[in-house]
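*Asks:* Read top to bottom, the protein sequences are chains A and B. Position 508 of the first sequence, counted from 1, bears residue number 508 in the UniProt record's numbering, the numbering being contiguous throughout. Position 69 of the second sequence, counted from 1, bears residue number 69 in the UniProt record's numbering, the numbering being contiguous throughout.
Since the hints were derived computationally from the structure, they do not count as laboratory data. Hints are not guaranteed to be accurate.
As the list claims (entries may be wrong) - A few chain B residues that don't get close to chain A, going by computed Cβ distances all over 10 Å:
(1) Ser-10
(2) Lys-11
(3) Val-46
(4) His-54
(5) Ile-121
(6) Arg-193
(7) Gly-199
(8) Glu-210
(9) Tyr-312
(10) Arg-355
(11) Ser-414
Unchecked claim - Chain B stretches covered by chain A per the calculated footprint, using a threshold of three residues with CB under 8 Å from any CB of chain A:
(12) 76-88
(13) 247-254
(14) 288-302
(15) 362-376
(16) 396-403
Unchecked claim - No more than 27 Å apart at the CA atoms, straight line, and that leaves these computed lysine-lysine pairs for DSS-like:
(17) B:Lys-18 / A:Lys-188
(18) A:Lys-149 / B:Lys-375
(19) B:Lys-375 / B:Lys-400
(20) B:Lys-375 / A:Lys-353
Beta carbons are placed, not taken as given, at the ideal position from N, Cα and C, and that holds for glycine.
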Amino acid sequence: MPYLGSEDMVRELRRALSNPNVQSDHLRYRNTILKVVRAMSQGVDVSGLFSEMVKACATVDVVQKKLVYVFLCSYASLNPELSLLVINTLRKDCQDPNPMVRSLALRNMTNLRLPSLVEYVEQPLTAGLRDRAACVRRVAVLGWAKLHKLQASSDIDAAVVNELYSLLRDPDPVVMVNCLRALEEILKEEGGVAINKPIAHHLLNRLKECDVWGQCEVLKILERYRPQSEDELFDILSLLDPSLLSPHPPVMAATLSLFLSLCSGLPAASLSALERVRGPLLAACGSASREMRFTALCHIQLLLRSLPGLMGAHYKRFFCGYAEPAYIKQRKMQLLVELVNDENVALVLDELKGYCTDVNTDTAQAAISAIGRIGRSYSDRCLEILTGLLGLKQEHITSAVVQTVRDLVWVCPQCSEAVCLALEGCEETVQDSQGRQALLWLLGVYGERVSSAPYVLEVFIDGLRSEVSPGVKMELLTATMRLFLCRPAETQDMLGRLLHYCIEEETDMCVRDQALFYYRLLHCGIEETRKVLQGRRSDPSLGVLIGRPAEPVNQWARSFNTLEPLKQSAAETESTSGGSPEPVTSVPRPNTDLSLSSLSPSPVDKVHTGSENSTLRLESSADFLASGDGVPLSLSLSPALSPEEFERLWLQRQGLHAERGALEKAEEEDYVCMEEHVHCPAPPRCSPQSLQAALQLVNVQTLAFTPPQTLPWRVYLYTHTRNTHRSTLILGELLYTGEERVKKVDGGDADQAVMEGAVDEPAKEAEGEGRGEEGVKVTLKQQPRDDTALKGFLSILATVLHTLSSERA
Amino acid sequence: MISQIFILSSKGDHLIYKDFRGEAGSDAVTVFYEKVTALPGDQPPVVMSHGDLHFVHVRQGGLYCVATTAADSSPFTVIEFLNRLMALIKDYCGSLSEKSVRMNFALIYELLDEVVDYGYIQTTSSDVLKNFIQTEAVSSKPFSLFDLSNVGLFGAETQQSKVAPSSAATRPILSSRGEQGGKSEIFVDVIERLCVVIGSNGVVMKADVEGEIRVKCYMPSCSEMRIGLNEEFSIGKSQLRGYGAAVRVDECSFHQAVRLDEFDSHRILRVCPSQGEQTVMQYQLSDDLPSAPPFRLFPTVERDVGGRLLLYLKLRCDLPPKRSVLLQDATTTHTPLCQELSSPDQSAELQPHSRAVVWQIPRFPGGTQLSALFKLEVPGLSSASMLEVGPVGLSFELPKVTATGLQIRFLRLSPVQPGASQRWVRYVTHSDSYTIRI
């Protein structure tokens with residue numbers, strides 16, 4: 001067909017449509033109409049043909065009718081007057097003996113979406129509800145929903161609503177489901193269709209008759225139903241149980257969603273439902289459709305939040321395929337990071353290493369940062385891989401490695417040695433601003449151990465004029481300042497040049513202000529500067545626990561089976577691509593050092609020492625727990641606290657004290673800090689995992705710990721107490737210095753015991769006796785103040801520690 | 001609930017647009033395509049949002065099939081529906097491509113009209129739909145020499161005529177009203193997808209099989225079909241049946257219309273197939289293949305004196321002889337190359353944008369070995385960049401082979417069809433992802 005401008009085309013088509021010869025030959029007529037609809041779907045404006053098409057509507061040829069209706073429904077809103085002409089034909093069709101014609105007419109009558117036609121439509125719709133043919137009833141039921149949307153203001157007749165309710169018992173399952181859908185829309189303001197016991201049971205019984213789509217709809221609506229008794233609930237659950245294993249992912253997902261909402265009060269039941277869907281979800285992960293795979297992967301991520309061990313044995317399912325799209329690969333890597341354990345770590349790392357050289361740079365970078373995440377618990381192996389990647393001298397790989405290493409070092413300071421060795425020579429390869437910022441940060445913090453650091457910085461400073469990113473400039477300022485503190489002789493000159501340039505010539509206000517700030521800081525003296533710039537370092541002996549606490553199912557159940565989990569990735573990558581792990585030092589926080597070997601002596605409420613006291617306390621706490629003393633206390637983990645948040649709160653409290661001094665302590669109402677000694681020899685020697693597990697049993701979350709052998713041994717933990725009337729947040733630190741009271745002999749014993757492990761039982765017992773004198777220092781911070789809750793918590797904690805030590809003995 | 005559905009070609013042409021609820025404007029199509037083109041790479045995320053509009057799309061046959069929905073709608077449902085819609089279009093138009101959609105747009109509008117009403121999915125069963133769909137499919141049948149090859153010298157029947165031509169299963173299901181009428185055929189396909197990772201030391205690190213039995217029915221009426229699987233077929237680890245080499249799968253699920261009364265005793269599936277394509281059974285097997293993976297690779301990566309990268313690949317096919325495969329093979333590396341291949345009908349080319357060498361092997365008989373030598377000019381080649389070579393990804397199709405060993409013993413239709421009905425059983429194993437690390 002020669003190319004025609006849209007006007008020519010419309011004119012041509014109009015001539016053909018009004019040609020009586022064409023009209024008499026129904027094949028030619030149909031073909032012309034076909035051309036009109038084709039033009040319409042290609043985006044040509046053919047609304048001018050409306051009146052011709054209205055005429056074409058009156059025909060016995062069903063195919064032609066359908067084509068004309070496609071046209072009319074698209075353009076009716078532009079020609080409300082002419083549309084009135086169609087109504088007559090449509091109403092006549094509603095009387096047609098052929099049910100297909102009736103349903104077609106009824107559907108398109110309501111699809112015209114013209115408020116002015118409502119009065120003509122109501123009557124055929126009412127008749128349609130009572131039609132013999134199911135296909136007409138299906139259309140009529142939904143027609144009422146469309147009508148309601150057209151004139152939302154005027155209420156739909158109560159009789160119609162009643163009729164729709166009665167049609168829930170229609171023999172045709174699609175009519176039933178459509179009734180639910182229509183009622184849901186019509187009664188939106190009243191909260192949707194009323195689901196009482198008879199209706200719910202009726203729907204459940206007919207679930208089997210519906211097809212996949214109907215089942216999903218019914219299951220979704222049933223989520224609103226609350227069973228009246230436990231027996232009823234379990235009847236429903238056992239009725240739905242087979243659907244959890246449905247081969248159709250939509251049904252499986254809708255059923256699980258219903259399970260989770262029904263079992264919101266029964267965590268055990270919801271967890272076992274999650275176990276049940278493992279098979280179908282894994283099958284969906286291997287589905288031929290990659291979009292379906294992606295959806296399943298995203299939902300597995302949700303499930304893992306509550307059941308971290310759910311997929312442990314199936315980690316190989318999440319290895320990436322060669323030709324899979326990047327979005328699937330990245331999700332799979334996120335999953336692999338969560339599934340790593342001692343047995344599979346070698347295989348997983350090997351696999352991830354393979355992805356690091358992926359052609360797609362995003363995938364490669366995601367793989368590198370995944371290795372970095374695993375490095376938090378298996379730092380040696382991961383560092384080996386990461387430093388190996390630096391040898392490739394690929395720009396995007398090196399940049400990603402440097403950023404990953406920066407994040408890793410902040411969490412695992414023990415890796416810093418290896419990192420310093422690897423940093424040499426990276427500066428030539430890293431080009432993007434994110435990577436260079438990370439490199440500068442590392443050079444600043446570990447400058448004394450990287451011999452070439454000053455020269456690298458000098459290159460940066462010499463090229464400052466051509467630098468565009470203010471982030472890099474600010475990072476450069478901080479790094480040079482830090483380096484100046486440890487290697488003044490080599491750095492002094494370039495620091496001067498840098499400050500001069502940034503203050504005199506720089507146009508970016510942030511950079512200039514920071515330079516001025518450092519300049520003035522230097523005037524205050526070198527000690528002051530050191531305090532500001534080197535205040536915050538993480539404690540090399542502390543490791544963050546990698547195992548995330550299992551969240552309660554309710555935290556994510558609402559977003560299950562919605563688009564939410566599929567979209568998260570964007571937000572996550574944004575947050576991870578942030579700058580340095582610490583805030584830029586322009587906000588100096590003196591005295592905020594977690595790693596100080598002795599915490600600055602906080603005001604002490606009461607200090608109990610000695611075994612007698614603590615045993616007494618324990619007895620009373622046992623009473624407390626048993627009888628409850630009329631004050632029921634419960635601990636809970638939600639809302640979860642991130643390590644960063646914990647650190648902030650903990651330090652904030654400490655800072656407060658340093659300012660106010662001990663005297664004012666008594667007046668402070670909303671906050672309390674106490675120290676306590678608990679007699680308990682074992683914890684320093686039990687594995688962090690068992691301690692964490694034990695504490696989690698009583699809903700206490702441990703956040704960070706020192707490895708078992710080292711002294712001082714330290715654990716940070718938190719919990720929320722729930723009382724009848726108030727809830728508080730408790731942050732705690734367990735500190736075992738072991739220095740003052742350990743006799744030399746015991747120290748030797750301890751080492752031996754560690755080396756010999758569980759074999760040497762008697763030795764350990766003896767050791768326990770030898771240590772009778774000492775205890776673990778517990779520092780607790782509570783907000784708001786609630787003494788009874790705090791005491792209760794302390795007794796629970798003591799019980800746990802004792803149980804652990806008795807188990808070890 | 002679906003607000004709009006539209007189908008776009010990969011170049012962004014509007015092929016089909018249908019608005020079910022009148023909530024979002026028709027500019028949604030443009031918004032969607034702008035979002036797609038704004039992204040780097042050709043793999044837009046499955047879900048994208050623009051204000052209140054949420055686009056969910058699937059990509060098949062080079063087409064974007066997009067639905068706009070609300071945020072709380074089930075992604076499983078929407079995606080499964082879009083996949084089903086594409087399958088329906090394929091059933092009705094014969095194949096799924098830009099051309100077939102363009103030619104059959106009237107049929108697709110008609111289909112959409114019956115399948116979705118006011119954004120709610122009504123039915124996707126082809127048994128129900130066949131009563132409503134009136135438009136005839138226009139099928140584009142490319143002229144193919146293969147059709148001629150079925151006719152022997154002087155019209156005598158050749159060997160090949162006993163094999164259904166591969167185009168037989170790509171025709172519209174409803175064309176029986178037309179000139180092809182009366183040809184009632186049924187295809188039962190056992191399709192397996194292999195997902196294998198072989199480490200650089202030749203050890204199989206992972207081997208998964210996803211399989212399915214797919215029935216494609218062109219019979220106007222068919223009351224029941226019995227599909228007999230291997231007697232020794234077993235599910236799960238515990239139960240082993242029979243004495244021969246067991247055919248084992250880890251998990252297995254069936255279409256809801258399959259009756260399994262004879263499955264436990266005789267491994268017989270009873271189905272009443274509806275017209276069009278449907279998956280009767282799906283199964284998975286992980287990590288425990290009954291036979292060795294079909295291909296082994298022996299790579300050598302070296303640096304020659306001239307600073308070029310030498311890549312010597314020796315590929316062996318461990319299938320029984322007389323089986324041949326279509327193969328394509330890709331390795332990740334850098335720029336210009338010269339090549340030496342072991343046989344003339346193969347070809348190899350370097351794709352600079354994906355930094356891969358693609359080695360095409362049209363036919364690869366079982367039990368044989370092929371080799372190729374690639375010399376690559378790599379600027380700034382260092383010993384470290386040798387590590388960057390690989391992995392090798394193989395994509396292939398193995399006809400008449402199943403990795404699990406699943407076979408169909410018999411296929412019976414009851415009652416026996418009047419007239420000539422043809423039953424075809426086909427086996428094929430695809431590579432979902434077959435990776436060999438170097």
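*Asks:* Out of the numbered hints, which ones does the structure contradict?
*Replies:* 3, 4, 5, 6, 7, 8, 10, 14, 15, 16, 18, 19
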